[in-house]
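J.: Next come the chains, spelled out residue by residue.
There are 2 protein chains.
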Amino acid sequence: MESIRVYAPATVANVACGFDIFGFAVNHPGDEVVLTKSSTPGIRINEITGDDGRLPKDVLKNTAGIAIMKYLEHIGQPDQGFELSLHKDMPLGSGLGSSAASAVAGVFAANELMGKPLSQKELLPFAMEGERVACGSAHADNVGPSLLGGFVIIRSYDPLDIIQIPTPSDLYASIVHPQIEVNTKDARRILEREITLHKTITQMGNVAGLVAGLLLPDYQLIGRSLVDVIIEPARAILIPQFDVVKAAALEAGALGCSISGSGPSLFALSKGKETATRVAAAMAAGFHQVGIGTEEYVSEINQQGPMIR
Amino acid sequence: MESIRVYAPATVANVACGFDIFGFAVNHPGDEVVLTKSSTPGIRINEITGDDGRLPKDVLKNTAGIAIMKYLEHIGQPDQGFELSLHKDMPLGSGLGSSAASAVAGVFAANELMGKPLSQKELLPFAMEGERVACGSAHADNVGPSLLGGFVIIRSYDPLDIIQIPTPSDLYASIVHPQIEVNTKDARRILEREITLHKTITQMGNVAGLVAGLLLPDYQLIGRSLVDVIIEPARAILIPQFDVVKAAALEAGALGCSISGSGPSLFALSKGKETATRVAAAMAAGFHQVGIGTEEYVSEINQQGPMIR
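If you're matching them up, the sequences are chains A and B in order. Be aware that the first sequence starts at 1, since it is given in UniProt numbering, and climbs by one per residue. Be aware that the second sequence starts at 1, since it is given in UniProt numbering, and climbs by one per residue.
No lab work stands behind these hints, which were simulated from the structure alone. Hints should not be assumed to be uniformly reliable.
For chains that are exact copies, the list does not tell them apart, and a pair is met inside one copy or across any two.
Said to hold, decoys possible - With a straight-line Cα cutoff of 20 Å, these simulated EDC-like cross-link-like pairs (lysine to aspartate or glutamate) come out:
1. 273 - 296
2. 88 - 51
3. 88 - 122
4. 121 - 218
5. 57 - 243
6. 116 - 47
7. 116 - 83
8. 116 - 2
9. 37 - 83
10. 61 - 274
11. 199 - 161
12. 70 - 89
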């Protein structure tokens, strides 16, 4: 095999209460990479579409490029040549794990073309290196679910311990991206560095409740647990209409609603596709009220991670 | 029915990572209450055994007395008379939920004698009032599992939201009580009031991992998640030999080991009764090294809460 086309899913990180430890993947949107082996050493990024010319073609500055490079070094083939095209099928800087999806698609494609020397889970550290380029630190809460699919717990970063848990079959995500931008680095900077013991306990209760709700399963418990007393209050300020949109989601029947990753996209979880569709429309309307355009997505929880197309 | 004998189980609260939100019940030790209806209004505590004369017979200062009183007020029968005897079959001030077990046994017995106007779960607020007498605040992480059995998550205190989750059938607790005392109020006072975001994230990861480990089930994940970076480091200082005893538990095959409630008892969780028995002996030996006497208990996770005897 000399060429491959891989699609990696967008992801919702944090999932309300689980800052840096929870994430899940959706079936769409996502990113597509076309990777082709080359006899000329080095990785060349020939084409990037869907980014309005904003992403760097310099391999050392591109999340997919870095991820593939680190992977090739690890498997002892640093001189393997690759031609890469990247097709963004999702908004940049949206809080939907855009950089993670590119890194995952790239490293997954490379591993396929190299004859799969590593398992899917073993690709994680290289995709995380791609994330480091994009947001300054190697987080796994987008890369983990994009690579593995499903709902993912990052129990520990050192050593890395990632657990994938099943989700109820009728659980749907509504995602609304308002056409404004929040820089991930800024969104991290405004967080408090010290949390009261009381808030920590509240957050832990919701973390425990969400995992239990997903596994039992218990949709109402999932809903009661989608509460974030630490991150959401700080970041909501950066998102116009946040309170209106969240209230609209709950009013339309969502189990819960919060910020996707560092925003500005919001996500909601609902039981059933019909409710999730209604919820997405209600959320979008909340932004439209003040003239902010949106993209909306409704999806089941993606269960497989990257797909060869 | 005019008289009833009820046994309520001891409990391990916090369970390493879950300060104030996790607890589980064991089959023994526990507390026994004998409650008898009386035509004379008011609650009289006639006998308390197993406490070396340390517990108050004044109803307003006794956890079982308060719990029953609050219960009778709630059901609109404040003048119902009761004679109560309390038999402590567990050490006081041990971190095993001694006051909670008394309150649970008392209120459960009263509800039975009154014809069960309330469900078992509805008794919780009254047992919590008993806890308030003992430790200054109305915690649910001992009362909850003692009343409901099993492994319990307190997702929220306001409103109270308690979730019972199943535990793997081969999960055993080893509990070792060193014959020293730690006052619960002191043990709370030494805790930091502010937690770094980094520690909060680590703790949340372990909370999520423990719930997932219990429900999947995955014994190794349970073990990896029995880590407490917030409370244990502060409280371990109050327990002589803590590091030695914990290391001995892990060496003997425990999945994990930490402080039960506010201590000084330590607990470990293991797969299988044989391992749990070996672990308890190893832990006890760690205290004996320095001349501290112990009581040891090995038990499955109790699944039913109070029992009529």
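J.: Evaluate each hint against the coordinates.
T.: Hints and how they fare:
1. 273 - 296: within (14 Å within a copy, 53 Å between copies)
2. 88 - 51: Within one copy only: 6 Å inside, 70 Å across.
3. 88 - 122: neither (25 Å within a copy, 54 Å between copies)
4. 121 - 218: Close across copies (18 Å), not inside one copy (28 Å); limit 20 Å.
5. 57 - 243: neither (38 Å within a copy, 53 Å between copies)
6. 116 - 47: Cα proximity of residue 116 and residue 47: none, with 25 Å in one copy and 73 Å across.
7. 116 - 83: within (18 Å within a copy, 74 Å between copies)
8. 116 - 2: within (13 Å within a copy, 73 Å between copies)
9. 37 - 83: Within one copy only: 6 Å inside, 85 Å across.
10. 61 - 274: neither (41 Å within a copy, 56 Å between copies)
11. 199 - 161: between (25 Å within a copy, 16 Å between copies)
12. 70 - 89: This pair counts as neither: shortest intra-copy Cα distance 25 Å, inter-copy 61 Å.
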